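Asks: The primary structure of each chain is shown beneath.
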Amino acid sequence: MLNIKNLHAAVEGNAILKGINLNVKAGEVHAIMGPNGSGKSSLASVLAGREAYEVTDGSVEFEGKDLLDMSPEVRAREGVFLAFQYPVEIPGVSNINFLKTAVNEIRAYHGQPPMQAKAFLDMLKSKQKLMEFDANLMNRSLNEGFSGGEKKRNDIFQMAMLEPKLAIMDETDSGLDIDALRVVSAGVNKLRSKDNAFIIITHYQRLLEYIVPDFVHVLYNGRIVKSGTKELALELEEKGYDWLKEDIRLEEPVQ
Amino acid sequence: MTTIASNISSSLYDTLPDQFSTLNAGAQWPEARKEAFARFQALGGFPTVKVEDWKYTNVIPFFRNLQTLQLPAPIAVTEAQLEATGLLLPDVYRIVLLNGELQPQLSELPPAKQATVLKMSDAAAEPAFKAHFNNSKKLAEHHFAQLNTAFFTNGLFIEAKAKAQVEKPLHVIHLYHNTNSLLVNPRHLWVAQEGAGIQIIESAAGIDQNGAMVVNSVIEAVTAERSQMSHYQVQTGGSQLRSINQTLVQQHGKSLYNNYTFTLSESELVRNNLNVSLDDERTETHLYGFYIATGGQLVDNHTSVDHRMPNCESNELYRGVLMDKATGVFNGKIFVHEDAQKTNAFQQNNNLVISPEANIYTKPQLEIFADDVKCSHGTTIGQVSEEALFYLKARGIGDAMARSMLVKAFAFDITAQVKIPAVRKQVEQVATRYLSAAVNN
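Going down the list, the sequences are from chains U and F.
Oh and the first sequence: position 236 is 250 in this note's numbering, straight run, nothing missing.
Oh and the second sequence: position 410 is 1146 in this note's numbering, straight run, nothing missing.
Keep in mind that the hints were calculated from the coordinates and are not lab data.
Treat the numbers as computed from the prediction; the structure is a model and nothing was measured.
Be a bit skeptical, because a hint or two may be false.
[Claimed, not checked] DSSO-like mimics (lysine-lysine), calculated; alpha carbons at most 27 angstroms apart, straight line:
1) F:K1161 x U:K114
2) U:K143 x U:K114
3) F:K874 x U:K132
4) U:K179 x U:K39
5) F:K855 x F:K874
6) F:K1061 x F:K1099
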């Protein structure tokens, strides 16, 4: 589904990603962990198409197409979804209108007619139920005055509505209390299928107790320095990242 | 012959004193007119950009070629013409004026026990008229209010009766007609008596216009004790319908005055002077404004709120979208006088400047002479938030659509304050038309 090769990216001339290689297949859940400043969120931003990031080398293929050649909205329409670390508050745009617009823009891209009001509402209701999303939040302005947990749940609810092929979750667990974490994780687990894939970016192993990954990668200094299965996450939780840094230093060529 | 403004040499300017004596021969209120004209001359005639309050708004070019103050012969306006303005609203008392003259055949007045509606020329004997006409504080400061007093032709007297709740909103439709370039001076006096409640919606449209026109209007409004007045000024109209509007409000104890000023027109010049004087305790005032300026338009809002007595609350929120080569001006003054302890006064002005060639001059001013008050003011000038734009795009929404949603959201924060659904709908439709055109450029 997603094939990242030797990806290099920079912000304002500073190299942030220094050669990422990652292959994600349908049905897989990949966790990306790593210390602060290692490039985790940058990877999410580059994949979603944030303008501030300049790709300096490498390639990203999504379903056989060049992802880097697409605008952010086209990426979303092709099936890439970014769950934001900090979902944005937009006063004056109602949640429901926003979702309807998004759904219909994606449909138009695929040559489908706009959804009928009734069909849209039915879909909305069934997804609300599935995601245990508070219906009262639907008519409010997008994320305005929502608690941190409500914002994250809203993002996951949007994911349920838009049914992406690849969801990238950028520290979705940050700022969540244990109950909200459970609800968000349960939502993600309900959306998992053999046809879609997830990249879960997180600091902590905690989230991975709820959303069990197939693979765990450690990002450090703009590169994936270690990959393994879910046991790697436990090891990291226990030992921290310092032992990895030691290993890497040993592997670096002597100047 | 006296020259009013030495940098102008146009017929109307140069002949104003002559016109004053000929046009006003036999007119009502000769003393008030004479005094006002003298005051207008003493203020220096038409204000130039050297006058602080007119620093960014040069009105001289708009007056340079005006030919006359003489109203054209009245025309018979048809129902179809009214319909064609697109301004009609359901469930209102429709009151149609043509160049300031009430058109009874096109109007439906509220029941007499709820409100009195008269031509100003027929209102002189009304006690409320005698008590409040030409009596507003700050009238003397305004060049154009003095010009209006000197030359006004007619207008609308409205009095909501004591304790009466006027059942439906009054929709005052100002139609303007001219056969050559014209300066028209409509004059209104609106009073809500003790405990009364009234909603007034104003709309404007040009009809069979030939040549440019400047409408220089004055509204004096008074809210007596415990009364409530909601005042919607929906400023629509074509490029030739320029306007300078003075709205002078005096609030008595425990009264509520809400003003909504929407400038959604093609007019090349709109200047609003809105002054609210809080003359007694425990009043409440809400001023909402939204303006869109496109092309080479100049939209200028000057507001002032005078807190003169304790325990009053005022809240002001103005927003604007500036596009093309348009210019916006906002000047908001809040004065908290020495006696006005426990004042709550808030003011905010936000501007979206969409085009690199558009300008906004904004100046919030707060002057406090009392020591126990809560006041805040602020102003912002900016573009659409990049972060919000990215969020929408990341959900599949295209660039143009996303921008349009964000600009509308900025505007509709204000229109959401409108309490009459049909007005809100109309204003949002007109705003959407302008905003869509802008965003898709």
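Asks: Could you run down the list of hints and mark each one as holding or not?
Replies: Going through the hints against the structure:
Our distance criterion of 27 angstroms between C-alpha atoms is met by K1161 (chain F) and K114 (chain U), whose separation comes to about 20 angstroms. Taking the CA atoms of K143 (chain U) and K114 (chain U), the gap is near 18 angstroms; set against the 27 angstroms cutoff, the hint holds. Distance restraint check for K874 (chain F) and K132 (chain U): the Cα-Cα separation of roughly 56 angstroms exceeds the 27 angstroms cut-off, and the hinted pair is therefore not satisfied. Pair hint K179 (chain U) plus K39 (chain U) holds up; C-alpha atoms about 10 angstroms apart against a cutoff of 27 angstroms.
Of the pairs offered as hints, the one joining K855 (chain F) and K874 (chain F) holds, with about 24 angstroms between alpha carbons and a cut-off of 27 angstroms not exceeded. Among the hinted pairs, K1061 (chain F) with K1099 (chain F) is consistent with the structure: their alpha-carbon atoms are about 20 angstroms apart, no more than 27 angstroms.
In this structure, the one hint that does not hold is number 3.
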